[in-house]
Structure formats: structure tokens, C-alpha cells
Amino acid sequence: MKLTHTLIVLDLETTGTWVEKDRIIEIAMIKCHVDGQQERYHKKVNPGMPIPKVVTELTGLSNECVKNEPFFKDIVKEVLNFIGNADFGGFNVERFDLPLLEREICTAGQRFEWKTRRIYDAQKIYHIHEKRNLSAAYSFYCNKDLEDAHTAMADTQATLEVISSQVDKYGDEDKNLESLAEFDYTVTAEFYDPNKRFRWWNGKLYMMFGKYAKHLHLEEVASKDPRYLEWILSADFSPEVRNLVQNALQGKFPSQPK
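Numbering (the numbering used here), first residue to last: 2 to 259.
Everything labelled a hint here was simulated from the structure, so no lab data went into it.
Just so you know, not all the hints are guaranteed correct.
Stated by the list, open to error - In silico DSS-like cross-links for lysine-lysine, where the CA-CA straight-line distance does not exceed 25 Å:
1) K170 - K197
2) K22 - K74
3) K253 - K212
4) K3 - K45
5) K170 - K145
6) K78 - K45
7) K116 - K44
8) K68 - K78
9) K68 - K22
10) K116 - K22
11) K116 - K74
12) K22 - K212
13) K253 - K215
14) K253 - K197
15) K3 - K125
16) K22 - K44
17) K205 - K68
Unchecked claim - With beta-carbon atoms standing in for the labels, derived distance ranges:
18) H6 - R243: 50 to 60 Å
19) G49 - D226: 25 to 35 Å
20) Q124 - L81: 22 to 32 Å
21) L178 - D75: 38 to 48 Å
22) E221 - D75: 26 to 36 Å
23) G204 - P240: 16 to 26 Å
Here a beta-carbon is modelled for each residue, glycine too, at the ideal position from N, C-alpha and C.
Let the sequences and hints guide you as you build the complete structure.
Pasting the structure below:
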């Protein structure tokens, strides 16, 4: 790969996926110079908060692993020195890693400008060039081209064949089709309700709307401004949200699902 400017490929492991609140637990960077030389930077980080079990299962990083590691504020200057004026590459860095890194650096009292640099996001390029539609699924699972795509019966027939192939590829022999129901990719751990009005973070529910959005958790709002919760009950919100708020006004709060 020939470069005309220094490139840093970046990846962060974090306590979750909420850019505004979650913290870094591991940072890795490879700096690629135009002359072909490479430098590496890799640090585990104490996030100053509990690491959720699901994150430990995914990354292998536990509270015990990072308890003696530096806080991000203690390494922020060496991180910035390593970055210098390089461009960035990574997988989903534009939507996640770089915004979260920017917030961590700002919280540590430093500045970080990345939007003026060139960003090479492998995920974006991947999704542009490798389609993830029914025709692509039909080709991948059934090794056939989808004729008459976007006509109802052709799409229906192709979907049936894809599901059948997925049963063969991923399914349990005894459960057969029913085993596919176990593959539920809906994000349920982060949000309380289907409309994503309330989000879990560090064991508390935060509103994702209104004047307290992303700042106060539900118990704080119930204590400081119960009239705001009464307004929610009178407005057009889902039954899940209304039930949640009604209970909160009575001092009842749910526990985060494990």
C-alpha cells in the first residue's frame, strides 16, 4: 500500500457503544509512514467505571484486568503525540471510534481535531462495494443469480430458498427451522423500549429525548422534576414508556437486564 501522507489505523475497545458516555478500556494504533516504516501504540485503560459483563465476554477485558492500568487522562498527551497530524483508517471509525476518542480527549482537557483529516473507513467502503441486499444473500447462500429482482414473487421465492439454506448452514438438526429464531440480532441490552426513548448506561436509564436527554438518569429526573414525567404521561409515548414513567413516579425503577 503506497502512501502520500502518514496514516494511523485505529481501534478502541470500550465499556459500551454510547459515544457520549462510554469509556475506553483499550486503544491500539498502527502508524504507517510514507517510507513504509510502522510504529505501534497499544495500551489498556482503566475506565473509572465497571466494565459490563457482555463487554468482558466480547473483549476478554475485565475489571480485574484494568484496575492497575492508567486512566485515559494519564496517557492523553502520549496518545496525541503519537497521532500527530496523521490521517486515519479503521472499521467504523467515522461513526464510533473517532467521535468517542475526541470526547475522551476533550474530557481530559485537550483538543483533538479529526474531521479536517482524511478518513479511510473500511466499513463504509465495504458496504458501498459489497451489497447486503436480497440479491447478494441469494448469491451467497444459494449460489444463484436472482432473476426479476424486486418483483414480489421472485423475491418471495428467493427469500424462501435463502432461509432454507440458512437452516442447513446454521440450524440445529433437531430444531430445524425453529433454531433460526435463536439468532436475534436486535439490540435489546442497550435500550429499554423498541422506540429507543430510554437507554441503559451503567445500570441506570437515561432519556434520549427532551431537555434531560443523555444527561440525567430517570431516578434523578423523578427526584428533581416529577412534573416532567407527568408531562410524558400526558403526551404521545408508547405503552412501555408510559408504564415506566408511571412506576418511576411511584419510586419504582427497573433493573438492567443481564
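Hint check:
no.	hint	result
1	K170 - K197	violated (33 Å)
2	K22 - K74	holds (15 Å)
3	K253 - K212	holds (22 Å)
4	K3 - K45	violated (30 Å)
5	K170 - K145	holds (16 Å)
6	K78 - K45	holds (15 Å)
7	K116 - K44	holds (24 Å)
8	K68 - K78	holds (21 Å)
9	K68 - K22	holds (19 Å)
10	K116 - K22	holds (20 Å)
11	K116 - K74	holds (22 Å)
12	K22 - K212	holds (17 Å)
13	K253 - K215	holds (21 Å)
14	K253 - K197	holds (20 Å)
15	K3 - K125	holds (21 Å)
16	K22 - K44	holds (20 Å)
17	K205 - K68	holds (23 Å)
18	H6 - R243: 50 to 60 Å	holds (53 Å)
19	G49 - D226: 25 to 35 Å	holds (28 Å)
20	Q124 - L81: 22 to 32 Å	holds (25 Å)
21	L178 - D75: 38 to 48 Å	violated (53 Å)
22	E221 - D75: 26 to 36 Å	holds (29 Å)
23	G204 - P240: 16 to 26 Å	holds (24 Å)
In summary, the numbered hints that this structure violates are 1, 4, 21.
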